[in-house]
Amino acid sequence: PTALLLHLNPFFFFFSKGNRPKLIKKTTLTMTSRPLVTVYSCSGEKSGETTLPAVMSAALRPDLVQFVHTNMNKNNRQAYAVNIHASKKVVAKSWGTGRAVARIPRVGGGGTSRSGQGAFGNMCRGGRMYNPSKTWRKWNRKINIKQKRYAVASALAASAVPALVMARGHIVDEVPELPLVVENAIESTKKTSAANDILQSIGALDDVEKAGNSKQLRAGKGKMRNRRYTLRRGPLIVYKTNDGIEQAFRNLPGVEFCCVDRLNLLQLAPGGHMGRFCIWSQAALEALETIYGEGGKSIPFATMTNPDIARIINSDEVQSVVNPMKDGQKYYAPKRNAIKNVDALEALDPYAAAKRRQEAVLTAARASKKDEIMAKKREQRKSKRAFKEQGKAFYEKVSVQGTVCEDGFTIE
Amino acid sequence: MQSASDDMIWEVINHQFCSFKTTIGKALSDKQHFCRHPYSVTGLCNRTSCPLANSKYATLREDDGRVHLFLKTVERAHSPKNLWEKIYLSRNYTKALAQIDEHLQYFPKVLIHRNKQRLTKIHQYLIRMRKIELKVRAGKKAKLVRVHRKVEQREERRERKALVAAKIESVLEKELTERLAKGAYGDIYNFPESPYQKALLGAEEEEEEEEDEETEVATDEEEEEMVEYVEDLDSELEEDEEEDMEDAGDYMGDGQWGARGSDDDEDDDDDDTNKEGDSDEDSKEAKKTRKETGQKERTKSRNRVRRRKGRPTPRYGFDLNFICIMA
Chain A
1 PTALLLHLNP FFFFFSKGNR PKLIKKTTLT MTSRPLVTVY SCSGEKSGET
51 TLPAVMSAAL RPDLVQFVHT NMNKNNRQAY AVNIHASKKV VAKSWGTGRA
101 VARIPRVGGG GTSRSGQGAF GNMCRGGRMY NPSKTWRKWN RKINIKQKRY
151 AVASALAASA VPALVMARGH IVDEVPELPL VVENAIESTK KTSAANDILQ
201 SIGALDDVEK AGNSKQLRAG KGKMRNRRYT LRRGPLIVYK TNDGIEQAFR
251 NLPGVEFCCV DRLNLLQLAP GGHMGRFCIW SQAALEALET IYGEGGKSIP
301 FATMTNPDIA RIINSDEVQS VVNPMKDGQK YYAPKRNAIK NVDALEALDP
351 YAAAKRRQEA VLTAARASKK DEIMAKKREQ RKSKRAFKEQ GKAFYEKVSV
401 QGTVCEDGFT IE
Chain B
1 MQSASDDMIW EVINHQFCSF KTTIGKALSD KQHFCRHPYS VTGLCNRTSC
51 PLANSKYATL REDDGRVHLF LKTVERAHSP KNLWEKIYLS RNYTKALAQI
101 DEHLQYFPKV LIHRNKQRLT KIHQYLIRMR KIELKVRAGK KAKLVRVHRK
151 VEQREERRER KALVAAKIES VLEKELTERL AKGAYGDIYN FPESPYQKAL
201 LGAEEEEEEE EDEETEVATD EEEEEMVEYV EDLDSELEED EEEDMEDAGD
251 YMGDGQWGAR GSDDDEDDDD DDTNKEGDSD EDSKEAKKTR KETGQKERTK
301 SRNRVRRRKG RPTPRYGFDL NFICIMA
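If you read the protein sequences in the order shown, they are chains A and B. Following the working numbering, the numbering of the first sequence begins with 1 at its first residue and continues without gaps. Following the working numbering, the numbering of the second sequence begins with 1 at its first residue and continues without gaps.
If you are wondering where the hints come from, they were derived from the structure by calculation, not from laboratory data. Computed from a predicted model, the values in this text were never measured in an experiment. Take the hints with a grain of salt, since some may be wrong.
[Claimed, not checked] For each label pair, taking beta carbons as the anchor points, the in silico distance ranges come out as:
1. B/Val145 <-> A/Glu406: 51 to 59 Å
2. B/Tyr125 <-> A/Asn213: 53 to 61 Å
3. B/Tyr106 <-> A/Ile312: 21 to 29 Å
4. B/Lys131 <-> A/Ile312: 52 to 60 Å
5. A/Asp261 <-> B/Phe107: 41 to 49 Å
6. A/Asn226 <-> B/Glu75: 47 to 55 Å
7. B/Val145 <-> A/Asn341: 27 to 35 Å
8. B/Lys116 <-> A/Lys46: 36 to 44 Å
9. A/Asn337 <-> B/Ile188: 45 to 53 Å
10. A/Asn226 <-> B/Arg61: 26 to 34 Å
11. A/Pro35 <-> B/Thr23: 33 to 41 Å
12. A/Thr230 <-> B/Tyr106: 44 to 52 Å
13. B/Val145 <-> A/Glu49: 54 to 62 Å
[As the list claims (entries may be wrong)] Cut-off 25 Å, straight-line C-alpha distance, at most; resulting in silico cross-link-like pairs (DSS-like, lysine-lysine):
14. A/Lys377 <-> B/Lys143
15. A/Lys340 <-> B/Lys109
16. A/Lys240 <-> A/Lys297
17. A/Lys382 <-> B/Lys141
18. A/Lys370 <-> B/Lys131
19. A/Lys46 <-> B/Lys86
20. A/Lys46 <-> B/Lys81
21. B/Lys81 <-> B/Lys95
22. A/Lys377 <-> B/Lys140
23. B/Lys21 <-> B/Lys31
24. A/Lys335 <-> B/Lys167
25. A/Lys370 <-> B/Lys135
26. A/Lys221 <-> A/Lys191
27. B/Lys167 <-> A/Lys340
28. B/Lys72 <-> B/Lys140
29. B/Lys21 <-> B/Lys121
30. A/Lys384 <-> B/Lys140
31. A/Lys240 <-> A/Lys46
32. B/Lys140 <-> A/Lys376
33. B/Lys109 <-> B/Lys121
34. B/Lys86 <-> B/Lys109
35. B/Lys31 <-> A/Lys335
36. A/Lys376 <-> A/Lys388
37. B/Lys116 <-> A/Lys340
38. B/Lys109 <-> A/Lys377
39. A/Lys382 <-> B/Lys135
40. A/Lys221 <-> A/Lys138
Even for Gly, the Cβ is constructed at its ideal location relative to N, Cα and C.
Please put together the full structure from these sequences, using the hints given.
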């Protein structure tokens, strides 16, 4: 039922109604009890529990996240353009027809090699480019606020799914739980060494190491444009109040941080791909419940609460109402490859079975004769070797300085 | 979690991005997707073998000659550290198979099968490794078989060209039609269609001409009587006719062809006046000539062939001599 999946998939809904995402103001979560998330201490032990905020169960919308990300990414661009006067500082006029030259405007005057050369065209040397870039190009993009919030909510939900975090490329094999919540003391770390220890005890250091090992010189001109190195992204640390956390963690490669109140999609879904590895402080996670929810930003809802279509189709409620299966349905057995499948070959080729039997008989016969043949071969080899030895011996003898065959020679 | 069902995860991974997915092959037809995830059972990237998109999963991994079974269940899906349950398997192959059956009792059958396959492969390569090691210790150097890319590419190229040059389909076609024409397939013959159809049309026209002549004569004689001659299944005539009708055997008269055995219905329906009554003289002639041509007897087995109603089926051989004689 892949076709069904397409139709009932929230993505399809997205495209069928234009770019209008579906938002419901009230939190109408069917389950009143939400899963508990353990809070870990800075030394890696379990130190408490909180409930998972409703945002983490929002609809996963990779298409929307990608759309919003590509547009958001354009917003920090700086304008570039060619010089407006480029190539225009020439007085050039076309010579017209009748002079056996192309009709391109040519530089007037004389006395230099420049005179008579073509000017002003994109094909001319020293001419302006085709469609010169202008500073008034539209660099930034407007995105609807609801779409932006929807995308952030979706990205947050994805960060709580271990499979997606792993698929995105983060190394989270040692992490005890996702979403990873640490007690509030993390917000007041002052030293980077302490930060390192904390990450190690939570199991997040592998990701940081991966980022650190991935530091490479950038390919291309970015090197000389203050973007010398490229790096993988490590964990994103989300806090509520900055009590030194930024300074402690900022020197660790790949680590980024973000305040809950200012969640950034470009950090939550780098490259447009959902599932960033996030480390939450307890206060930050709990703040999410107030930021997203009733009275705050709306949480997007999927069109289907239960997207497991196979299960729905096979459920009793549906099967009891469905028409009975039609009789006389033709079922074709899968085609069997006659080259790989012996039964298929024998069905096609009536001689194949006999041939196989014969081969088996022959190999058995050969096997029994194998010892004989081997013994024979060994003998042959031996006699050959002996023969060669004679030749060698003769050659040695003969290579000695002196008269050849003084005493005569014999071959035995 | 509502939002994180397996299907949803697979949608995201498959269509968006998965860091473990690699492809080989440039052309769309050649493309194969592989999964570099260390816990994947098969190395392929598809819905059933994705360790990320299946909350209930099992793999085998070999470490230093020992094989372990790794299990993954929904209950531990939130905790990556404790995700995989490691079970030591016996070194004995059959015992290990039994262990797999026992531990994967309630897992999908596909997974059980794949894991067993993987176990077999692992044991096979371990055996091979041991053999090579023994040889090395005995003094023989381990054979390092190299892959020469130029050679491989050259051979591939030549294979492709040879395949095209062989023209397998056309050779097969020729061979099969030859055999058909010779009659190696029982009573199915193959004759070129257009001359056959032409000949058929010719025969029909001639038949019609004959019929016209005959009907003229008939109406003179039997003006008022509209007698319908219905075929009598038990009649001698019919038997004779059947025998004579042999290979030209699908010919029912009236320029109609079809499989004889299933003809009983059609025969009853048809007004076979011409067949039985009027063309007696001609039929007698025809009988003689049919006998002259000396064709073999029909068998009932031919009647299995399904006919196309109304249209002559060129399935059975049509003897051109037959037409000329009828004229």
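Hints, verified against the model:
no., hint, result
1, B/Val145 <-> A/Glu406: 51 to 59 Å, "holds, 53 Å"
2, B/Tyr125 <-> A/Asn213: 53 to 61 Å, "violated, 31 Å"
3, B/Tyr106 <-> A/Ile312: 21 to 29 Å, "holds, 22 Å"
4, B/Lys131 <-> A/Ile312: 52 to 60 Å, "holds, 53 Å"
5, A/Asp261 <-> B/Phe107: 41 to 49 Å, "holds, 45 Å"
6, A/Asn226 <-> B/Glu75: 47 to 55 Å, "holds, 49 Å"
7, B/Val145 <-> A/Asn341: 27 to 35 Å, "holds, 29 Å"
8, B/Lys116 <-> A/Lys46: 36 to 44 Å, "holds, 39 Å"
9, A/Asn337 <-> B/Ile188: 45 to 53 Å, "violated, 28 Å"
10, A/Asn226 <-> B/Arg61: 26 to 34 Å, "violated, 45 Å"
11, A/Pro35 <-> B/Thr23: 33 to 41 Å, "holds, 36 Å"
12, A/Thr230 <-> B/Tyr106: 44 to 52 Å, "holds, 46 Å"
13, B/Val145 <-> A/Glu49: 54 to 62 Å, "holds, 58 Å"
14, A/Lys377 <-> B/Lys143, "holds, 24 Å"
15, A/Lys340 <-> B/Lys109, "holds, 24 Å"
16, A/Lys240 <-> A/Lys297, "holds, 17 Å"
17, A/Lys382 <-> B/Lys141, "holds, 24 Å"
18, A/Lys370 <-> B/Lys131, "holds, 22 Å"
19, A/Lys46 <-> B/Lys86, "holds, 24 Å"
20, A/Lys46 <-> B/Lys81, "holds, 14 Å"
21, B/Lys81 <-> B/Lys95, "violated, 29 Å"
22, A/Lys377 <-> B/Lys140, "holds, 21 Å"
23, B/Lys21 <-> B/Lys31, "holds, 12 Å"
24, A/Lys335 <-> B/Lys167, "holds, 23 Å"
25, A/Lys370 <-> B/Lys135, "holds, 22 Å"
26, A/Lys221 <-> A/Lys191, "violated, 36 Å"
27, B/Lys167 <-> A/Lys340, "holds, 22 Å"
28, B/Lys72 <-> B/Lys140, "violated, 44 Å"
29, B/Lys21 <-> B/Lys121, "holds, 23 Å"
30, A/Lys384 <-> B/Lys140, "holds, 24 Å"
31, A/Lys240 <-> A/Lys46, "holds, 20 Å"
32, B/Lys140 <-> A/Lys376, "holds, 24 Å"
33, B/Lys109 <-> B/Lys121, "holds, 19 Å"
34, B/Lys86 <-> B/Lys109, "holds, 20 Å"
35, B/Lys31 <-> A/Lys335, "holds, 22 Å"
36, A/Lys376 <-> A/Lys388, "holds, 18 Å"
37, B/Lys116 <-> A/Lys340, "holds, 21 Å"
38, B/Lys109 <-> A/Lys377, "violated, 52 Å"
39, A/Lys382 <-> B/Lys135, "holds, 24 Å"
40, A/Lys221 <-> A/Lys138, "holds, 24 Å"
Hints 2, 9, 10, 21, 26, 28 and 38 from the earlier list are contradicted by this structure; the remaining hints agree with it.
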